[in-house]
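J.: Given next are the chains, with one letter for each unit.
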Amino acid sequence: MTAPDTSGLRLPAELSIQNAAEVRAELLAVLASGDPLTLDLSEVSEFDTAGLQVLLLARREAVGLNLGFALTDVPSTVLDTLAFVGLDGTLEPIGPSAHSAGSRS
Amino acid sequence: MSFEAEMQSALATFVVEATELLSDMEANLLDLEDGAVDEEIVNAVFRAAHTIKGSAGLFGLDHIVTFTHTVESVLDRVRGHEIAVSPRLIGALLPCKDHLALLVDGIAAGSLVSNAALDTSGLALQADLEVFLGEDGAAPPAAPSTDTATEMAATGLMHVSLRFGTDSLRSGMDPISFLRYLTTLGELRSVTTLAELIPTAEQMDAESCYLGFEVSLRTEASPAEVEAVFDFVREDSDIRVLTVASAASDWADLIDSYGPHADRVRDILAAAGDGPQAAVLTAKTIEAGPGTGVKFVDRRAAEVGTIRVDATRLDLLIDTVGELLIAGAGAALGAGSLNTHEDLRNSIGEVMRLIEGVRDSALRLRMVPIGATFARFQRVVRDVGKDLGKDVALVLAGGETEVDKGLIEHIGDPLMHLVRNALDHGIESTEDRIAAGKPARGTLWLKAYHDSGSIVVVVEDDGGGINAERVLAKAVESGLVEPGATLSEKAVYGLIFEPGFSTATEISNLSGRGVGMDVVKRNVTALHGTIDIDSRPGLGTAVQIRLPLTLAIIEGFMVGVGGATFVIPLDRVVECVELPSTSKYRDFMDLRGEVLPLARLWSVFSVPGERSRRESVVVVEHAGAKTGLVVDSLGGEFQTVIKPLGRMFAQAEGVSGSTILGNGAVALIIDVAAFIAHVTARAEQRSAQNA
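So the sequence lines, in the order shown, correspond to chains A and B.
Mapping of the first sequence onto my numbering: position 7 corresponds to residue 54, and the numbering continues sequentially without gaps.
Mapping of the second sequence onto my numbering: position 273 corresponds to residue 1171, and the numbering continues sequentially without gaps.
If you're looking for bench data, these hints aren't it; they were derived computationally from the structure.
Yeah, the Cβ is synthetic: ideal placement off N, Cα and C, and Gly gets one too.
Check before you lean on any hint, since a few could be wrong.
Some chain A residues flagged as far from chain B (calculated, every beta-carbon gap over 10 Å) [unchecked claim]:
(1) Arg57
(2) Pro59
(3) Pro122
Where chain B lies over chain A, by a calculated footprint (3+ residues, C-beta under 8 Å) [what the hints assert, rightly or not]:
(4) 87-101
(5) 104-110
(6) 114-121
(7) 124-132
Taking the hints into account, I'd like the entire structure generated from these sequences.
T.: As structure tokens, this is what we get:
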């Protein structure tokens, strides 16, 4: 068994319709393997409804599978959009513990 | 699709929609000018301007936003009865519409910013509009005319419910962008995102739009203005704008439309506090009962009544269906010739029937009503009439008649010429009309109807008619007719279509623009159509254009020459006769006392091979001239899909296209008009050499 990846899954710069399909597949694959999701958003510069939907889906799936879900290094633009659509409270981390924010080295 | 490409496609949608809105706007303005007194029309014009402004704003097209804003302000005052509809107002607004059309054209051409020339004309137009804005000084916005407005003004609260269509994201319409745009109309008090609508992980398509947004908005804008923001995403989307004044059933409807999530939405509405009391919501929902759900489904179904399809995709479909038809014919041929099982033959027969059905439906997809083309002429008749000082009413009939889209694009210019011609030369001046005891106002008719596989378009006026004597005199003068020749009336009118013929005694800047009726005729002929003119002195003139329903398929007549097969458009074939032995070596024959010039296809197209012992003559006619085409064998009628020739063969004279036969062989389609011209030219050359 390898040690859990502590850096989290780094999402691409465009968390948008551009690659929402790939991100969805990737996130679901991680959950399917029984790992919690820690998503590193530091690179994200484009964020749209498609990206938002994928994050919401991933979180819901994580809850359903009783796995962890957390977003780390969320850029202010993304935070701003989340707040704008009233979801700033929804995409909060849940346990069992994903890695705490900022833990990537 | 890259982001760039998506923006492009969203912009393309904007251009299409804006162009449509502008043409509606023009029609509505003209109706208003004609004295139509209807609040709805004024509202429609206002909405059009408003929608264009809103959508242009989404794309950051500031020059359009600024200009439209002024137009919109004027229209808003018209709507509020602060300024009356007057010819002067319409006269100022129509050029603004034209200017907007230019700006939109600019977008279509790829320039997203304005240029100096457009800016200057735009500013001049805006200055013209200032008159209408300034009359009462800086009067406050229109006094609220309805109770709804009053209540709105009191609370300023509005509830916006957004569920974008599944495909919105793919077409570049992002709900979040629209929400951000809403902030320009007012303050978003709260936004609630309904993530519940995302389906299960397996069913969820990451590129589809699922989220619902319930927005509470405080704004000065009217519900219609807020709704207009979403005009471009209406199709397939569920957008509702409600106020406390909306019917309780509308609120209940909204809640019910969320199906299993209705309770959550009811809570959201109660929390937002922009609608009726929570208790009312509950009560009304129950009262509304289960029936409302069904009603909702119906509405959704009606909203997706039409879809936009890229024309090239349609052409591809039709092309493929055409090949399918040919391949099917080949299969049927093979099955028939072999000693095949009867079941197989029956199935192939059934397959052929279905393919033909598919072809017919595919062709119908290309059909569009001619009404939109006709409507353009309202403006032409108005403007040209004004220029000429003539008062002319345009009467449209048969606008619902459907025509192939390709034809519509080509018919506009000939029609434009005929209409200008009728206005300029057909309809007399008001004084002349009164003197002749006719109504002072002239009438121009544009009619369309289907007639046995063709579409007929008629341009008719109630003017002075054609002076046959003058036409004949002019024809003699320009050497088209021998002096002293006697011609039937019809033949005299036909002279008008001869190249270089113009009866206009004074060249006006309208129809004297160098293109004559001969160009009209050439355009119509190129579309496999015919043109006829009928006139009664003192009563008027009617020009009738008859066109095939579609350009993609022709009824052809197959003939064999040597080993090759040619297809002659059936509408050009008059009859088939046997080549008389007396004409075996001559270039003409005696057709019931008439001299019929002959052209031997094998010689014209240099087809090698043995000549048949019994040659046949296919008599073809074009523009009154008959020619006999000498062929080896007659193959019969054949419906075929025209495939254009490649660019390499664009110069090939006498051939208009090709088609593929059931056996896979290629057959050339003969362009009878060009062929006759070619044959005539050759004959003239020869007689010149002999002389």
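J.: So, for every hint listed, does it hold in this structure?
T.: Here's how the hints hold up against the structure:
1. Arg57: Per Cβ check, Arg57/A is outside 10 Å of chain B; nearest 18 Å; holds.
2. Pro59: 13 Å, holds
3. Pro122: 16 Å, holds
4. 87-101: holds (count 7)
5. 104-110: holds (count 3)
6. 114-121: Coverage by chain B is violated for the segment 114-121 of chain A (0 residues, Cβ < 8 Å).
7. 124-132: Check passed, 3 qualifying residues.
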